[in-house]
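Number of protein chains: 2
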Amino acid sequence: MKNELRIFCPATIANISCGFDVLGVALDSVGDEMVIRKVSKKGIHIIKLEGQDLPMETHKNVAGVAGMAFLGESDYGGGFEIEIYKKIKAGSGIGSSAASSTGAVWGMNQLLGRPFTTLKLVEFAMEGEKLASGVAHADNVAPALFGGFTLVRSYEPLDIIPIHNPKELFATVIHPQIEIKTSDSRKILKTNITLKEGIKQWGNVGGLVAGLFTEDYDLIGRSLVDHIVEPIRSILIPGFNEVKASAIASGALGCGISGSGPSIFAFSKGEDTAEKVAQSMKNVYKKIGIDHDIHISKINVEGIRKIN
Amino acid sequence: MKNELRIFCPATIANISCGFDVLGVALDSVGDEMVIRKVSKKGIHIIKLEGQDLPMETHKNVAGVAGMAFLGESDYGGGFEIEIYKKIKAGSGIGSSAASSTGAVWGMNQLLGRPFTTLKLVEFAMEGEKLASGVAHADNVAPALFGGFTLVRSYEPLDIIPIHNPKELFATVIHPQIEIKTSDSRKILKTNITLKEGIKQWGNVGGLVAGLFTEDYDLIGRSLVDHIVEPIRSILIPGFNEVKASAIASGALGCGISGSGPSIFAFSKGEDTAEKVAQSMKNVYKKIGIDHDIHISKINVEGIRKIN
Chain V
1 MKNELRIFCP ATIANISCGF DVLGVALDSV GDEMVIRKVS KKGIHIIKLE
51 GQDLPMETHK NVAGVAGMAF LGESDYGGGF EIEIYKKIKA GSGIGSSAAS
101 STGAVWGMNQ LLGRPFTTLK LVEFAMEGEK LASGVAHADN VAPALFGGFT
151 LVRSYEPLDI IPIHNPKELF ATVIHPQIEI KTSDSRKILK TNITLKEGIK
201 QWGNVGGLVA GLFTEDYDLI GRSLVDHIVE PIRSILIPGF NEVKASAIAS
251 GALGCGISGS GPSIFAFSKG EDTAEKVAQS MKNVYKKIGI DHDIHISKIN
301 VEGIRKIN
Chain D
1 MKNELRIFCP ATIANISCGF DVLGVALDSV GDEMVIRKVS KKGIHIIKLE
51 GQDLPMETHK NVAGVAGMAF LGESDYGGGF EIEIYKKIKA GSGIGSSAAS
101 STGAVWGMNQ LLGRPFTTLK LVEFAMEGEK LASGVAHADN VAPALFGGFT
151 LVRSYEPLDI IPIHNPKELF ATVIHPQIEI KTSDSRKILK TNITLKEGIK
201 QWGNVGGLVA GLFTEDYDLI GRSLVDHIVE PIRSILIPGF NEVKASAIAS
251 GALGCGISGS GPSIFAFSKG EDTAEKVAQS MKNVYKKIGI DHDIHISKIN
301 VEGIRKIN
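Just so you know, the sequences run in chain order V and D. Residue numbering for the first sequence is 1 to 308, as defined by UniProt numbering. Residue numbering for the second sequence is 1 to 308, as defined by UniProt numbering.
Some hints could be false.
One copy or any two copies: either way a pair holds, since identical chains are not told apart in the list.
[Claimed, not checked] With a Cα cut of at most 25 angstroms, we get these calculated DMTMM-like pairs of lysine to aspartate or glutamate: (1) Lys286 / Glu83; (2) Lys48 / Asp272; (3) Lys196 / Glu50; (4) Lys286 / Glu168; (5) Lys120 / Asp216; (6) Lys38 / Glu81; (7) Lys60 / Asp293; (8) Lys269 / Asp159.
Honestly, the hints are just simulated from the structure, not real lab data. Since the model is a prediction, treat every value here as computed from it, not as a measurement.
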């Protein structure tokens with residue numbers, strides 16, 4: 001068995017419109033690289049971290065914390081060295097911490113001959129999410145580990161449902177270079193909603209899941225609606241309404257906040273449309289003078305993968 | 001073209017657990033019969049109504065009101081005679097009014113060569129629902145007209161999504177002979193819910209729709225949960241908790257309130273289990289001395305149909 005793996009750890013979109021806290025998806029063209037290496041020295045040792053200014057101490061790093069959760073339930077007597085090459089910016093809203101924590105546990109599991117199920121890896125990786133945002137949420141780590149669209153049906157017990165991935169679906173994600181803390185973004189949410197709003201939301205979740213299974217792009221678009229969280233959180237993202245309007249006008253099926261922002265995602269049918277949508281989103285931020293990164297990606301149906 | 005049709009109008013289960021106000025399904029072994037006849041005399045004429053004590057005046061009868069909504073948008077210059085043979089008890093919670101209003105408009109549409117879409121027929125039939133309960137809801141009329149499981153994704157605009165129907169899924173429905181008015185049953189609902197409860201509910205709606213599409217019976221069962229409405233409404237139904245517990249103990253995938261009650265439905269994989277579940281549900285009402293009807297049915301995938 002090999003002692004070392006180099007892997008690609010995808011960025012992910014969580015809180016997909018109506019699917020707040022439950023629906024996420026893995027991307028293909030943006031993600032980190034990691035090297036995971038079996039060593040005799042016990043514990044998790046982060047020996048390299050490039051691309052972002054993040055702590056390398058095991059207990060302060062999401063990969064370290066997730067890795068320790070893994071080791072805590074493993075029979076393995078040794079340890080792991082981890083190298084992290086960040087390409088996803090921390091705080092961008094496309095699952096930077098999830099990429100690192102899932103990459104660590106997925107790689108470790110491979111190197112040990114897969115003693116744990118993918119669901120169990122989600123649990124370990126959630127410990128990293130807890131360190132990053134204070135909440136052990138699963139809606140980024142689940143798509144990173146399972147690939148494609150995933151539903152977190154329940155937390156107690158944890159139940160992750162892989163959803164079908166329409167072949168022509170592409171994501172465009174724009175990251176305006178402003179900072180929003182996940183914890184702030186949580187604080188402004190209302191703790192109560194009306195039953196009426198709830199019914200609309202779960203009608204759309206049902207429609208979105210049905211649209212994904214039947215590859216009905218029009219239904220996917222009609223269902224990408226969020227009456228509850230987006231109207232509040234979008235206030236924190238300058239230009240959100242203009243970006244969304246221009247994405248839709250350029251042919252996007254739907255558009256919303258990625259994670260807790262500030263990134264904004266749009267889904268399109270076909271890569272050409274996704275590129276037009278990207279151009280229109282960029283134009284908005286150029287006009288109001290906000291620096292931004294943009295990504296166009298097909299859906300990543302396999303999740304984390306080995307690379308050479 | 002024929003001038004007369006005899007049709008079967010299925011009973012339906014609405015408010016399927018987590019799918020409150022959005023998910024319904026059509027049954028196969030219980031429903032009304034109707035005869036719809038083209039006549040030269042303008043208007044809707046209910047000339048026979050057997051089986052239940054309900055008003056026959058056009059404007060007081062759900063089939064009459066739905067039929068008039070149909071005629072109001074039709075080019076047809078004549079009228080229709082309607083005979084209704086009720087087998088579904090009014091107020092039982094399995095779509096008695098929906099069966100009559102959908103039967104009327106479906107039959108009329110057939111006899112005129114189908115000038116209207118099925119979605120348009122849903123709109124006409126909703127006028128009947130409005131007469132019956134004060135609310136123009138679509139979650140019984142949609143499955144009666146489309147067949148199978150249907151999702152009311154949105155009311156404005158009206159958007160009905162047919163869901164896949166697992167082949168081995170059977171419904172057991174027990175109707176305890178007590179009276180609950182739909183309007184009373186609506187009044188006791190809370191108008192606000194917590195965001196946390198909402199998230200659980202839409203996670204389950206996503207899981208239920210995914211389970212139906214993938215014919216994953218276990219997932220269907222895990223998703224048949226309602227944290228919001230069932231805990232409140234079940235108080236109005238004597239023996240509800242015992243009936244539910246005995247259904248699950250007998251192998252049902254899940255169990256909940258049909259419509260606004262008092263009927264209770266359970267879903268099972270396979271007819272044998274559905275029968276065992278029926279027996280266990282009956283035993284509860286026998287023990288506490290409440291008269292009851294019971295129905296075991298496969299899913300009716302075609303909805304209303306012609307009979308000879």
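**OP:** Return the numbers of the hints above that this structure violates; sort them in rising order.
**Re:** Numbers 1, 2, 3, 4, 7 - these are the hints that the structure violates, sorted from lowest upward.
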